[in-house]
Amino acid sequence: MINFEEELARFKPSKEVEQAEDVIMNTNLRDMTDIMQEILKEKEQQ
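Just so we're on the same page, the numbering used here is the position in the sequence shown counted from 1, plus 4.
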């Protein structure tokens, strides 16, 4: 039978997951708000 407490105590996340988290958190992704603001600025300049 699986001892979940023991398994959780031995768990270590893989380096790849930690690296992916760092990349995702440090990437400046544009969202819909950024896109809408850019469109409005372009409209104001016309």
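Since the hints were derived computationally from the structure, they do not count as laboratory data. Beta carbons are placed, not taken as given, at the ideal position from N, Cα and C, and that holds for glycine. It cannot be assumed that every hint is accurate.
Stated by the list, open to error - Pairwise CB distance ranges, derived in the manner of DEER restraints:
1) Thr37 / Asn7: 46 to 54 Å
2) Glu10 / Thr31: 31 to 39 Å
3) Asn7 / Ile39: 47 to 55 Å
4) Ala13 / Leu44: 35 to 43 Å
5) Lys45 / Phe8: 29 to 37 Å
Hints versus structure:
1. A C-beta distance of roughly 47 Å is found between Thr37 and Asn7, which places it inside the suggested range of 46 to 54 Å.
2. Checking the proposed 31 to 39 Å range against Glu10 and Thr31 shows it holds: the Cβ atoms sit about 37 Å from each other.
3. The hinted range of 47 to 55 Å is satisfied by Asn7 and Ile39, whose Cβ atoms lie roughly 50 Å apart.
4. A hinted range of 35 to 43 Å for the beta carbons of Ala13 and Leu44 is inconsistent with their spacing of about 53 Å.
5. A C-beta distance of roughly 54 Å is found between Lys45 and Phe8, which places it outside the suggested range of 29 to 37 Å.
Taken one by one, the earlier hints fail for this structure at numbers 4, 5, listed in ascending order.
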